[in-house]
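Peer 1: Given the structure of chain A, go ahead and fit chain B onto it with the hints provided.
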Amino acid sequence: MDHTDDHQPGPLLVAEQVRKVYRTGGVEVEALSGLDLAVRRGELVAVMGPSGSGKTTLLNCLSGLDDVDGGRVLVEGRDLFAMSDARRTSHRARTMGFIFQSFNLIPVFTAAENVELPLLLNGVPAKPARATAVRMLERVGLGHRVAHRPGELSGGEQQRVTIARALAARPAIVWADEPTGNLDTQMADQVIGLLHELNRQEGQTIVLVTHDPGVGGSAGRLVRMRDGRLVGDEQRRPARIGV
Amino acid sequence: MYSNLTPVLVGLLAAAVLATAAIALRGPVVRRLALRQISRRRVEAALVVTGSVLGTAIIVGSLIVGDTLDFSVRQTAYQRLGVIDEVVSSSTPAQGQQAAERLAGLRADPDVDGILTVRQTAAAVAKGDGPGRKGEPRAGVLEVDFAAAAAFGGSGSGLTGPQPGPGQVVINDQLAGALDARAGDTLTFYLYGRSTTARVARVVPTQGLAGYGGSGAFFAPGTLLAAAQEAGGRARPETLTLVSNAGGVEGGNAASDRVAAKLRAALGPLTSQGTEVDKPKQEVLEEARQAGDELGSLFLFIGSFAIIAGVLLLVNVFVMLAEERKPELGMLRAVGMRRGRLVRGFVVEGAVYALVAASLGVLAGLGVGRVVVEVAARIFASFGEDDGGLDLVFSVTPTSLVNGFAMGFLIAFATVALTSIRISRVNIIAAIRDLPGEGGRRLKRRWVVASTLAAAGFGAAAWVAVARSQGVGSYLYPALATLALCPLLVRLLPRRAVYTATSLAVLGWGLGANTVRPRVFDDGSTTTFIVLGVVLTFSAVLLVSQNQELLLRLFRPLVRRPTASGLAARLAMAYPLARRFRTGAILIMYGLVVFTLVLITVLGSVIDAGVDRAVANAAGGYAIRVDYNPAAPLTDPAGRLVGGRFAGRVQGVAPLSAAEGRVTGLPGLPKPIDSTVVGATPALAEQGLFPLDERLDRLGRDDRAVWRAVLADPRYVILDQYLGQTGAGPGAVTYRAGDALTLTDPRTGKAERKVIAGILADDTAFDGIGEHSFGSALITSARGLREQFGGGAEASAALLRLAPGASDQALAADLQGEFLANSLVATRIRHLVELDYAANRSFFRLLQGFLALGLVIGIAGLGVVMVRAVRERRRSVGVLRALGFPASTVRRAFLLESSFIALEGILLGAGLAIVTSYLLFKNDDELQAAGSAFPVPWLSIAVLVAVTAVASLAATAWPARQAAKIRPAVALRIAD
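Going down the list, the protein sequences come from chains A and B.
Those letters in the first sequence? Residues 1 to 243, by my numbering.
Those letters in the second sequence? Residues 1001 to 1976, by my numbering.
Okay, chain B solo, but in the shape it has when bound:
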């Protein structure tokens, strides 16, 4: 993943490693110092490495998820398309024949290694009769010259062997599986409304030509044309010319643009008469790359919180390490070592840690990726119940491993280098005598000036960002401007007052920005959420850190008790209070990860709570959509679906017809967009009502009035909110009700101007109508569709409103059985929405699981800090034991201390997440309009808090035990 980033990352990696090597080679003292520290302090070295291993693991795991999706979609594309790289389709058999003749000249082209013309249609297929009958309402049927197919594109065409004779058919194993059919069985095909039987000559694997376009049955040339003529209707099979590029299944795609241009040139005038050249493999591969990148980015986004937690752990451990070495550092400075050399020594040491951690992190990342892919594979399988699904196959590219290694190394290296600069600023005497840090040293005047200037710059940037409702800038710049103002303010006002006011201001803005600027999340950028989470958590922790004393007053009765518990509590709270930086870093680690986890949990429950509303939006009062084969249309659907054996169960029918259209001229969408143009009769607005997100008020006061106007007047259309979108959220919609667009029939070139009368709240009921599953729906009146698209408009679907109490499941099964000859497929709309929700829920859980890795970092970090604290406080513990503190009180003090910090961080994160999600909820017009209450999943949050708290306690159990075992005489080091 992210192969475009590899050169930059590898360049930075090389620069960092070379710089470190140069420092080590040129400075023998620095080198010796760094390397001996590592070997002398192996436990500490292990702790630092642990801190950054998980960060790299999360990065590599995220990239692997992207790789896997990319690979899996590619494999599916290769398997389904085989050697087919381009497809030339014509609207009529005659034009198809002309196209085939024109393209024959390209057979000798070096870029092309196969051209094959086939005819294709859709038909229902059944095996057997009576109760044991098995049917497939929508199978692709192809007539093809088997000899030509065998030679098509070399050896991998996927359709070889002898041509089936009259009354025979070859089927692929997918269709055979659906029908439980094997060679020798007799199948009934419903072609163009007439039934015909054929014996299965053989079953072939579903790949290449034998899997193309969902095809499942293969006849000898002439079969489909003859069937269409016998049926006497106007429907005819589609003529396709398939092209295979030189280079095989995977390599052929490289020449796709070149070959497509040659094909268009060869087709000449036919391209303007409805003959089209598609590059299905290139499109699928591009979609695969995009989907892989998007999913990988999503995991990287979720993982970024854990990565930040890892960085903080690294800072914390390194600062503690430096504190322990303070007397040594002081001595080194005293004997003349410059600060720069100290920094270089730390950098060499840190680079070794970073290299080891990045290497181990890559290995751990492989494990993380594997687990995520295993879980995701199950979710993807459930996504695909209706559309063939996607088999996720674990895949790792060297690019991802290199990128992950480089990112992990660079993050750890930069963290260590920056931390080193801070810790090298020791006061020599204080360091030698191991006195507490000076703390609160005044910043030099030039830095105050620079920081104030930076505040002005950030302030200006904030002004612009907020005015434009930019997501990241609206949160980041005001926070940076306020922070950069602090050095000046602390010269004028008390430090605590400044930081309290600053953190309150940033926190208030973080929580309230969405209310002041409601469109701040409209760009759909995940970075906005990362910045928001970081800004909120950092400011809240700063606020708490500055005012811990106030919070601790709540515990005064506990602390003042002259009991072992009281003394333990007193100690437990004294240390976090005295070590504000360390405590703050742990609080941020916990707060940040818990914030995101709880936010995801709450948002998940908000989404879940909206399932009924989503069903209502998606269904518009209809329960089932039936799609039938335009080649064998259901005549009089309104009469046949309401009457007969369905009487009393179906209350209303809204017939739909569809055509392929092309939309241009929409604001913000410069390229033409393919769309499924759906024609509906006025019945659609009478039998049910699809809610609109936006409507053109001049057409009526409510949604129904607008629908009636659209279904009566061909000048108006209704769009869904995803037309022309490529992945961003609904916020990226660039068109509004009242905008105009141009709708073109690509077959005839006939274009008409339309006005957007409304934007659908949910297009599920219109998605993929008939054969046209390639674009978002555009709904217009049936009359308007017929007038513009003529023969291209096919009656292909209907929406059914059920009588109260009628079972949609039973009805759907009955409908499919009754109208098998029409290839009728009945889709239960509620079931469709619920499947989506179930898959979303699983996906949320997967994200939560992935994010929980961040909690592991937080908990491990707390454990690491407590291990260090025990070492650091040996002497104090010795004194306490000498004064008469029981061992159990010492242990309890350490456990209470870690619990106090962990709980504070957990509650901080959880509280912020609930407030943030509530504000998001309050600012969402759609949710507010629905009138649903804000659902807080208290049980899930309580479990999360409890599990995290218990895990934190467990992580500090060992250090607490070690502290309790300290022998006073040894700890005090009272030696003669």
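Just chain A, same shape as in the assembly:
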């Protein structure tokens, strides 16, 4: 499922009037208030904002991990919330990859097994899936850690496995939620450099949520949020960061 080489006209992702309300004990909190956003192919978009501004909620809703209370989200022209959960899940498997702050690798699987999961989900046979997984791990500098389980890897290594997993099935878009939040500065630079490299060399579309101004500043486009609304959207020249 290679989506990165597609050059279809129009944006890859369109969010229109997206609204999300959390209800806790009779209290309603509007996390996203009629938000609009479009992401083109090959963009590296950083979403920044203070705590509680709705960054992660935005990521969850745009990726279809969470339901919305209003509006619509189109990925590759298909409305996520017009689909059943099963179809949306299948669509997610084909078009999206995820990188989480706390890595979220499956602890009982080795690095290679974690990375090949999205490939197997997309019906790639076991042998080519394993070969691709190993190649992806080598690509992120972990060719020597293929058979290690997450518990045997450092934080930075785990995050690189997560990146390999997110990219293994060549998704249309990669969502990264505070990918450097649990890493030291040096490791964080390596991870961000890797994402930039993938974006630059392979045209991988990436949307990342971050607190870190350095990380945000390095992205080609910076979206700012406050109180569930977009308050800024700047196109920038990306910093030259690489591994």
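No lab work stands behind these hints, which were simulated from the structure alone.
All values reported here derive from a predicted model rather than from experimental measurement.
Some clues are possibly wrong.
Claimed, not checked - Straight-line Cα separation of at most 20 Å, SDA-like style, residue types lysine to any residue; simulated pairs: (1) B:K1965 / A:S84; (2) B:K1965 / A:R87; (3) B:K1965 / A:D85; (4) B:K1326 / B:A1564; (5) B:K1326 / A:H91; (6) B:K1965 / A:S90; (7) A:K127 / B:L1552; (8) B:K1326 / A:S102; (9) B:K1965 / A:G151; (10) A:K127 / B:K1965; (11) B:K1279 / B:A1261; (12) B:K1965 / A:Y22.
Peer 2: Just chain B, lined up with the frame of chain A:
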């Protein structure tokens, strides 16, 4: 039950509760921590409590079964004997009269509140004529002074009212029921070979005097003596002096030993002339206590597997609980809380769970006991068709409830306390960061030394135990020695290799010990089986756990498929592999219970398959045994039973006579043993052949030759294998062919030395011959019996060999009708054996049902573990869902995982049970000699496996559904 254990158990309970209370009172932080954990995690608390409730329930249920049997036998004894505590019996009416006169002086004794002399005999009774005639071939008949009887032992003698006049009789409701008789009916009594009629004056309840010794009819004094004199024979009624102790029906027994001593003193020289003092109530009550204890122990033994499963569930749940709390524990350690305080906190928490669980377990145990008693009551009713039966009455003693509560609490408490010590050993940083356990940490040197020394100690103990073929020690010590050697070995060799080799060695020894030491089960101890089951299951699970990867290679094609099923299978197998302790504990729970269930099923079918062999052993070629009244003996039985209307149906007759004897001098049996000495003519060995388990080879090359020698030479005897035994299995037989014994006539004191020529394979055909149902049979020649016992030897039975095609049922009915005057009772030997087998089968089913409670624990345990697993893996499930795993695949993964574990445990247990039972079968000389094939009840095993697997699947359906419902965004807890 087990009132002797109550002080110890209550003492330990009190110590545990007081220690916990002291910890809670002295440590407010510990107390607060423990109690708040309980209230904060109510679901987890409920799971822990559930884990140990069933254990207590099984213990209490087992004790209640014992209580019920004890109570029921006691009630029967009280009802049948009433106020009678001692019985003085004399061999002749004259001696009986002398005894009565000598005992009259004890009437004023404060320990005695009644002395009554009666005469007793057995007679056939019939009502009516022709086709509608009803008969009772063997009724007890008593002549008694009704006025004296009414005053005997206070108000509860059971025989009151006016004395029946001449030609009148009082009967009890048991006899009335058998004859369909009521007051005013005329009955025919066959006394000493002559018939006499009597009108029923009234019917009285069968209790006390009116139920004594199976008596059913009561005449005025002088009736029996006159009938005997009229008959002109040498037979006379037996004279008995019945004694009632002060204290009523139940309390009188307390003085029984004292009163018996006074009676013997008063009888003086008569005791050496054949007058005997018996304490029937004390004997029955002691038997009741023993039977109750034995049955309760049997259920406790069967239940112990379920209890072990419950303990493992508790360990598993507690370890999971601790894993979830790991960051908290790490923080507590980081801020300075000592490990001891953590343990104390867990102990307080665990004590609360244990108290609640033990209380609920007692209530659940009452229900379990009730159900078991209901089923057992039906089985006992079928046991008793021929001997009056036993009505089981549900009964619970406070002792059992206290013991059950204390045992349940202490098991749960100890489990939690020991588990707490293990889980308190956290690495602070790893715990705070919730990193996976270090696993495989090297043991400190001093522990390695201690464990190696322990291995040497266990090794020495194993050497001794194996050399002596001790059951428990032969299995336990070698296993412990090997296990204790592991810490040293893992320093020298790879861990996996050590544990694989260790488990293989223990498993191999567990399976092969019986072959190397064939007498290892001879002590008949049920503990040996418990230890064997535990050793086999633990070692097999250790072996499997260490080599799961190898096993899972079989499933590689399934796992490698890039489909939803393939991914589900991959996940399903990855978790059990990664959580070896948890998986191992569940495997043991399943393996242990299924092992026992399948073992019982297979052994049951082995026993069932042997019914024809058992009939052949029991019958020895004869189909029917007839017993007749020695007071009205069947003259010329060989002629009368083969000829006349029985011609063509009966092919051969072997007449038997019997006497009461006393055996001394047998190896391993220091006390004198009462025995029924059976005298047989050479016809016994010509018309049929009773197989021998052992024989004295110098008397002949085969069983028949030995029988011929015994029936021709009074110096030899044949014994059965239960002589002098009190409950243990055949393995406890201490005598062998060739040993000598002394046989004494208790009436005359005449003693003779005899040599054991053989040991009977089955004594059913000789059991309870004539009036002598009090002891195991000792068979000798008819001539020898007559020479030693003289008048004490009575012709009382015969074995019949039938013509081919003759119906034993029809013949038995015809014989009883024809020889009613002789009180002839015809017993079909095959029917007797089959009844035993049917009752055994039902009993096996009851045991299986009881053991199935263990499976409930196993299945509940799997459900509990899966519920916890769903919680524990929320985040992983969230990730999988985010990556595109459909909800159905997540659900399937959980279901597959539980099925995989359950099936592995079930197959492990079933496989071990089949191999073990096969080895037991192969090592059983008798079964091998019979040449029967090893029967495996595949259908029953398949049903058991299927039902368990489906139940396990059902138990995890809900957690699997919950897992599938996890919303990825929520599970990942991605929050700003």
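Peer 1: Now look at each hint and say whether the structure bears it out.
Peer 2: Verification of the hints:
1. B:K1965 / A:S84: Given that 20 Å is the threshold and the Cα spacing comes to 14 Å, the pair holds.
2. B:K1965 / A:R87: 16 Å, holds
3. B:K1965 / A:D85: Holds, at about 11 Å.
4. B:K1326 / B:A1564: 33 Å, violated
5. B:K1326 / A:H91: 37 Å, violated
6. B:K1965 / A:S90: Cα-Cα ~16 Å, so holds.
7. A:K127 / B:L1552: 18 Å, holds
8. B:K1326 / A:S102: Judged against 20 Å, a Cα distance of about 18 Å means the pair holds.
9. B:K1965 / A:G151: 27 Å, violated
10. A:K127 / B:K1965: 32 Å, violated
11. B:K1279 / B:A1261: Distance of about 11 Å is within 20 Å: holds.
12. B:K1965 / A:Y22: 19 Å, holds
Hints 4, 5, 9, 10, counting from the list given before, are not met by this structure.
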